[in-house]
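J.: Chains as they are written, first to last, in this note's numbering: chain L, 1 to 255; chain D, 1 to 353.
The set of hints was computed from the structure by calculation and includes no laboratory data. Note that the Cβ used here is the ideal one computed from N, Cα and C, for glycine as well.
Computed from the model, here is a short list of chain D residues facing chain L with C-beta under 8 Å:
#1 R217
#2 R219
#3 R222
#4 Y225
#5 A226
#6 A237
#7 I239
#8 G296
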Amino acid sequence: MAIPLLEVRHLTKRFGGLTAVDDVGLQVFPGEVVALLGDNGAGKSTLIKMVSGVYQPDEGQILFQGKEVRLASPAGALELGIETLYQDLALAENLDVFSNIFMGREKTKRFLGLIPVLDHQTMYDESKKVLDRLDIQIPSLRKLIKTLSGGQRQAVAIGRSIYWNAKLLIMDEPTAALGVQEQRKVLDLVRLLRSQGIPVIIISHQMYDVFAVSDRLVVMRRGKKVAERITKQTNTDEVVSLITGAEEVWKPAAS
Amino acid sequence: MGRDAGGAAEWAGRNWALLFLALEIATFTAFGTHFVSLENLQNVLVACTYVLLLGIGETFVIITGGIDLSVGFLMGFSTVICAKAIVLLRGAALPLPAAIVLGAAICLAVGLLPGMVNGLLVARLRVPPFLATFGMYGFTYGLAEIICDNTPITAPEGTGYAGNEYLFYLVPGKVFSFLVRPQGLSEGDLRRMITILPIIAVITFIVAPIFAFVLTRMRFGRHTYAIGGNMDAAIRAGINVPRHLTYIYMISSACAALAGALFVLRYVTGTADAGSSLMLDAVVAVVIGGASLYGGRGTVKGTIVGALIIAVLETGMVNLEIPTFNRYIAIGGILIFAVLVDQFFPDLVGRGK
Chain L
1 MAIPLLEVRH LTKRFGGLTA VDDVGLQVFP GEVVALLGDN GAGKSTLIKM
51 VSGVYQPDEG QILFQGKEVR LASPAGALEL GIETLYQDLA LAENLDVFSN
101 IFMGREKTKR FLGLIPVLDH QTMYDESKKV LDRLDIQIPS LRKLIKTLSG
151 GQRQAVAIGR SIYWNAKLLI MDEPTAALGV QEQRKVLDLV RLLRSQGIPV
201 IIISHQMYDV FAVSDRLVVM RRGKKVAERI TKQTNTDEVV SLITGAEEVW
251 KPAAS
Chain D
1 MGRDAGGAAE WAGRNWALLF LALEIATFTA FGTHFVSLEN LQNVLVACTY
51 VLLLGIGETF VIITGGIDLS VGFLMGFSTV ICAKAIVLLR GAALPLPAAI
101 VLGAAICLAV GLLPGMVNGL LVARLRVPPF LATFGMYGFT YGLAEIICDN
151 TPITAPEGTG YAGNEYLFYL VPGKVFSFLV RPQGLSEGDL RRMITILPII
201 AVITFIVAPI FAFVLTRMRF GRHTYAIGGN MDAAIRAGIN VPRHLTYIYM
251 ISSACAALAG ALFVLRYVTG TADAGSSLML DAVVAVVIGG ASLYGGRGTV
301 KGTIVGALII AVLETGMVNL EIPTFNRYIA IGGILIFAVL VDQFFPDLVG
351 RGK
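Turn these sequences into a full structure, and let the hints guide you.
T.: Put into structure tokens, the structure is as follows:
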């Protein structure tokens with residue numbers, strides 16, 4: 001079997017007396033979509049924040065492309081190609097599309113051969129290219145983000161990640177605030193990413209999303225990983241009972 | 001037709017400040033005496049110098065979603081530092097020009113410190129900008145009063161030379177001089193001499209485009225807008241936000257220090273309350289210029305228009321012999337108007353970047 005792009009082993013994170021993530025292991029292989037499921041407070045976000053460098057684990061290892069990595073900051077994770085799209089999307093609404101795609105990594109050219117100034121044209125052209133490649137339609141890249149719909153914003157955020165050579169995309173509730181039409185577009189985009197070999201970890205409450213796009217799903221409860229399933233081999237009922245822990249309650253009675 | 005009218009209305013909404021300025025000038029021209037004259041328009045430029053300098057720094061701060069309330073007293077503090085430094089250097093037998101240049105340089109260098117403290121408080125220790133700079137407001141005022149021992153410091157004679165110079169001197173048909181005031185003119189010639197472009201206004205209008213350039217065309221400016229638009233996004237995009245914010249507050253205090261140095265060069269005195277009324281004016285200029293106090297929006301160009309509106313109001317009132325305390329009422333009114341425009345027509349104002 002191929003080496004996993006991302007592997008976490010025995011990852012643990014405590015906040016005071018609370019163990020938010022408890023000895024979790026997880027593997028993500030190139031070109032697969034892994035859904036991360038769990039109720040509120042199950043530890044999904046904390047796990048993801050360790051992978052994206054926001055939190056540092058108390059115990060355990062993170063391996064990326066087979067090598068152990070220390071992610072001291074979000075910038076460190078970004079450098080490796082681990083891109084996280086949060087619910088609030090991390091876009092500046094007061095800037096236009098291409099400025100957002102290049103935020104923090106603006107292209108410059110020399111003005112009078114001396115002063116580095118923003119190279120709007122190059123940033124515009126490059127943005128256009130990457131959005132076209134992902135079949136993302138935005139009326140104008142010069143529009144401010146605040147004039148775009150939720151789905152368009154999502155697409156811009158994804159486009160930005162891809163442009164910056166994301167090797168792994170983590171999406172936190174990507175369809176939560178979207179209309180039905182736009183949800184479908186975002187899921188199409190996830191499939192497109194998979195077909196281009198980019199693995200996606202998707203955190204979602206929406207069973208429909210999970211079953212529509214994921215290859216594998218991992219369920220967490222109270223900080224622990226409680227189950228891992230091939231999506232095709234399970235069903236909504238089982239997954240819901242895994243999330244809520246109904247199965248656990250039911251199990252001892254059966255044994 | 002209808003579309004043109006809509007476009008015009010939109011343009012008017014976006015540029016209401018510019019229209020307001022034109023209206024102001026038209027009013028003072030109609031009711032005042034010689035309002036539109038070379039001399040008076042230069043008075044306007046001089047009057048807007050200090051507001052504009054403070055406003056430029058404030059523009060950066062407000063775009064990031066912060067506010068710098070210390071700029072007024074920081075300017076006063078800087079006048080005291082500058083005047084005191086020139087006096088001391090002169091006392092150490094330094095030639096006057098050297099003392100002036102060095103004194104101004106010391107003033108600018110010292111002026112960076114309060115900004116650095118503001119920046120560290122806001123960016124690293126997460127003190128709300130309003131409180132951090134309000135603390136600095138009191139601190140700089142008190143410190144300035146201690147340094148000047150509660151009495152204005154008068155700089156050595158001749159210090160005012162540079163600050164009261166003009167770029168060009170012209171006696172029609174006779175003399176044309178650049179920077180240097182022509183000597184040995186007859187009284188009649190002196191009276192007919194036209195002075196063009198006061199130096200301190202020239203300095204300000206060199207500084208303003210530089211900062212406008214930084215804001216619109218450089219990464220620093222783009223990061224400033226990004227921080228104001230979505231600070232979390234800026235952090236996640238790898239922008240070093242604490243460092244950037246520290247620079248922003250240092251720019252603000254450097255602008256205030258420059259205003260202080262220019263004040264000493266013009267009025268030959270350093271006094272703790274030199275800029276006390278200018279903090280309000282600076283914020284007003286920025287807000288009139290289309291900046292939002294919620295952050296993410298604002299331009300140096302807009303702030304220039306805002307500063308001109310205030311300066312025209314001020315000179316116009318002097319011209320009409322209206323007591324100047326009325327200006328506070330007028331400026332307060334304009335501020336509230338600008339905020340209301342921002343509140344109710346947010347899509348109209350400041351959309352042009």
